[in-house]
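2 protein chains.
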Amino acid sequence: MSQKYSTRAEDYSKWYNETIERADLAENSGVRGCMVIKPYGYAIWEKIQAQLDKMFKETGHQNAYFPLFVPKSLFEAEEKNAEGFAKECAIVTHYRLKTDEKNPGKLIVDPEAKLEEELIVRPTSEAIIWNTYKGWIQSYRDLPILINQWANVVRWEMRTRIFLRTAEFLWQEGHTAHATKQEAYEETERMLGVYAEFAENFMAMPVIQGRKTESERFAGADDTLCIEAMMQDGKALQAGTSHFLGQNFAKAFDVKFTDSEGKLDHVWATSWGVSTRLMGALIMTHSDDEGLVLPPKLAPIQVVGVPIFKTDDEYEAIGKKFDELALKLKALGVSFKYDHDKNRRPGWKFAEYEAKGVPVRLAMGPRDMENGNIEVARRDTKTKEVVSFEGLDQHLVKLLNEIQNNLYQKALNFRTDNLHTVDTYEEFKTRLSKEGGFYLAHWDGTAETEAKIKEETQATIRCIPFEHTGEGVCMVTGKPSKQRVVISKAY
Amino acid sequence: MSQKYSTRAEDYSKWYNETIERADLAENSGVRGCMVIKPYGYAIWEKIQAQLDKMFKETGHQNAYFPLFVPKSLFEAEEKNAEGFAKECAIVTHYRLKTDEKNPGKLIVDPEAKLEEELIVRPTSEAIIWNTYKGWIQSYRDLPILINQWANVVRWEMRTRIFLRTAEFLWQEGHTAHATKQEAYEETERMLGVYAEFAENFMAMPVIQGRKTESERFAGADDTLCIEAMMQDGKALQAGTSHFLGQNFAKAFDVKFTDSEGKLDHVWATSWGVSTRLMGALIMTHSDDEGLVLPPKLAPIQVVGVPIFKTDDEYEAIGKKFDELALKLKALGVSFKYDHDKNRRPGWKFAEYEAKGVPVRLAMGPRDMENGNIEVARRDTKTKEVVSFEGLDQHLVKLLNEIQNNLYQKALNFRTDNLHTVDTYEEFKTRLSKEGGFYLAHWDGTAETEAKIKEETQATIRCIPFEHTGEGVCMVTGKPSKQRVVISKAY
Chain A
143 MSQKYSTRAE DYSKWYNETI ERADLAENSG VRGCMVIKPY GYAIWEKIQA
193 QLDKMFKETG HQNAYFPLFV PKSLFEAEEK NAEGFAKECA IVTHYRLKTD
243 EKNPGKLIVD PEAKLEEELI VRPTSEAIIW NTYKGWIQSY RDLPILINQW
293 ANVVRWEMRT RIFLRTAEFL WQEGHTAHAT KQEAYEETER MLGVYAEFAE
343 NFMAMPVIQG RKTESERFAG ADDTLCIEAM MQDGKALQAG TSHFLGQNFA
393 KAFDVKFTDS EGKLDHVWAT SWGVSTRLMG ALIMTHSDDE GLVLPPKLAP
443 IQVVGVPIFK TDDEYEAIGK KFDELALKLK ALGVSFKYDH DKNRRPGWKF
493 AEYEAKGVPV RLAMGPRDME NGNIEVARRD TKTKEVVSFE GLDQHLVKLL
543 NEIQNNLYQK ALNFRTDNLH TVDTYEEFKT RLSKEGGFYL AHWDGTAETE
593 AKIKEETQAT IRCIPFEHTG EGVCMVTGKP SKQRVVISKA Y
Chain B
143 MSQKYSTRAE DYSKWYNETI ERADLAENSG VRGCMVIKPY GYAIWEKIQA
193 QLDKMFKETG HQNAYFPLFV PKSLFEAEEK NAEGFAKECA IVTHYRLKTD
243 EKNPGKLIVD PEAKLEEELI VRPTSEAIIW NTYKGWIQSY RDLPILINQW
293 ANVVRWEMRT RIFLRTAEFL WQEGHTAHAT KQEAYEETER MLGVYAEFAE
343 NFMAMPVIQG RKTESERFAG ADDTLCIEAM MQDGKALQAG TSHFLGQNFA
393 KAFDVKFTDS EGKLDHVWAT SWGVSTRLMG ALIMTHSDDE GLVLPPKLAP
443 IQVVGVPIFK TDDEYEAIGK KFDELALKLK ALGVSFKYDH DKNRRPGWKF
493 AEYEAKGVPV RLAMGPRDME NGNIEVARRD TKTKEVVSFE GLDQHLVKLL
543 NEIQNNLYQK ALNFRTDNLH TVDTYEEFKT RLSKEGGFYL AHWDGTAETE
593 AKIKEETQAT IRCIPFEHTG EGVCMVTGKP SKQRVVISKA Y
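Protein chains in written order, with my numbering: chain A, 143 to 633; chain B, 143 to 633.
Bear in mind the hints are in silico, worked out from the structure with no lab data behind them.
Accuracy of the hints is not assured; some may be wrong.
No distinction is drawn between identical chains; accordingly, a pair holds when it is met within one copy or between any pair of copies.
Unchecked claim - Each computed DSS-like pair below joins lysine-lysine, with the alpha-carbon atoms no more than 25 Å apart:
#	residue 1	residue 2
1	Lys472	Lys540
2	Lys439	Lys526
3	Lys146	Lys631
4	Lys452	Lys576
5	Lys596	Lys229
Model, not experiment: these values are computed from the prediction.
Construct the entire structure; sequences and hints are all you get.
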């Protein structure tokens, strides 16, 4: 590859964009702020979807589908929610185009096809779903409702970045309805737990679980739980949220149920979601200056085989060995690709699969054949070893596990190294600007102090972690603090 | 069940709506023309998706995702396509709501947030995709591109019916790019073949494969191939289409490639799609007056078990037998549900699973236990048999296959009985109005005659079938005809 790419140290943001481009994951589209997810990027998203979907079903949820559009009158029913999303929503006002008489071949919006009521393209679906749940719930016997939806949503963001912040994105949104506050709260916690498990065991991305401050809550929620991950530039990325919605939506949409004793009450609600943003998190957690690094559990191709040959006979013979391996790996559930393309040189292929983050690359030449060996290269450590072809399949299964664990451990070490405990505002400010990273600091619990920190440092309180750290005094005001919070700059 | 439902004979249309309601598949939403797909309906759609996705991947396609919105200037680039969809598209004109000052708590469209260029909510994605492909294709080495997308689309239909015609629907759309006309045409045919195989082998729905007449083609296509199925009221339902787009979109979006000899040419294209309309086809092909009937291959629950008990001991003992069975069925890949609910009587459950179309229902009481037997009821034939519990798992696998085949055969017999060959326009008109069904008739190939038939009978030429039937003379004009076409009323 002759092109020179940016390193993380030189320009992290450029490196991020180039890593996406080199791995052929996605690109900006001809529509402002919207991305095209290319086949390789989408294949990773499919792995993410499949695993999460399995975990949702194992915790008793079913999928369903609700409309893309929300009539304005429904959208505004829950006032806080409406207020929170009103400034960034795409609005459908007409339902027909017509030929421009002054300009044949061009189309204009037909003024006679104006909708009586405007439709909001869903930025999130609480409104349309709770308007539907109203018809489904009469008695405690109809509860709980445990539904998830895989969908596209639109939020008209002014500054967009592929995967991290796009006008349209793909996500899943769980929407559950419960008879009691406690049950709804347990669901909120359970789903945060599912997200944390997915992040750590599949994305190999350590996360801090906690609760958002009031000012960072989801619009319309009584409580927002979140998982926060540290990217390689020390900034935080909110990777998933689970909201306890109290009775807010049930009240806004008048959803009541009769309990087992005949008493009428409003229903309790949760919602929770993760999005294609996780793709950004995945990229920024593991990748290096040579391109994407993928944890094996989410890699569309886990192992790639490259033949090194000069003659057709060699090509044939090596091909046979790889075919033999392919069958064994298929039986073991390992996703393997044999790159038999004769028009690309091995060096080109090595660079290609490196940029695409394939966890293990195998190479075999005539001498390896003779010796019954094969070269095994790890993407994560960039190390190579020559191993016996005999028993290679089992060796690869072990190796993929090792890579998965190594990536998690590496990311955890990085976070440990960049998670600082500070006691004074001065130290916080100095270190934040010099070192970045996460800061465990005491905060007095007021919105004023939170706003001051944000204004003066651009850092935000990412969460009030579940793991308690003892009492103290606020680093800014000196007032009492019940526990340390996590503060950092964020995506 | 005390409620009286409509039969097919009494009111086919009402029966269709009630079947959907009784099986809890979907419902109309608070948004004009948009439906909510409920969990059980969505579970069937997931089975359809999973199987089609597998077949697309086996034929070399990859999934990707393109934006929901199409800027107006891109939308109008391919004129015929634009003209075809202009009259039924939802248009986003603004990107922000604001508080109504005259009416606090209410929101209005912010006139200052008007988009410079309107965005069309995709009714189909050729325009946005070909605008993207332009950046991906330079040389023959970049071809073919074989991509599929699972997405929602919006067509502002005035008269809507759940699954059959909704303003928003879910679908997949394949979009491929090729170096030669022949290769593109072969792809068009291959994907129609995939649809036909899916319809017949999975939906148990026989289809006629053919070509649309020019006036029924997809807007922007040079040729549209289709599969047409016969519903139980004798009307046709177009179940899938595969379009040969020629170089129309490549020319509209200026997508050229250098061939292996260095010559520059426009790229050849196909697109193909099936939608949640298939759910409507599935319902109308097999269901009866007692509710939904599902082919086992697409049934979310293939076998359901119901305990018949009076005492807790009986309940426990029967439960154990069903647990034993559940393990065996899981190993065989049979989807089994044991309904252990103590609050519902067996009769209620029987009616419930009948309405939901579960292919096989098992019932076991204390006497069956004693005798080592179980009652097996088939949904398709409404027959019951008592069989030995020993070897039940293998028996069920065979039975599910038999049901799948029986449903296909039954639908095929129905179609055979209702597919008529006619030679005069008089006979056609008389029989069409009396008997309905499909008619194989000669047509002179002109749009005039086609329009006349449609105007006078409301029937349309569904397709020019691939299976030739010999030459003849047009039943309307007496002019020469190369082959018979399929004519019927349609959904």
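Tested hints:
Proximity of lysine 472 and lysine 540 under a CA criterion of 25 Å is satisfied intra-copy only: 15 Å inside one chain copy versus 28 Å between copies. For a Cα distance limit of 25 Å, the shortest separation of lysine 439 from lysine 526 inside one copy, 21 Å, qualifies, whereas the shortest one across copies, 46 Å, does not. In this homomeric assembly, lysine 146 and lysine 631 never come within 25 Å of each other (Cα to Cα): the closest approach is 29 Å inside a single copy and 63 Å across copies. In this assembly of identical chains, the alpha carbons of lysine 452 and lysine 576 never lie at most 25 Å apart, being 53 Å within a copy and 74 Å across copies at closest.
Proximity of lysine 596 to lysine 229 under the C-alpha cut-off of 25 Å is restricted to the intra-copy arrangement: shortest distance 21 Å within a copy versus 49 Å between copies.
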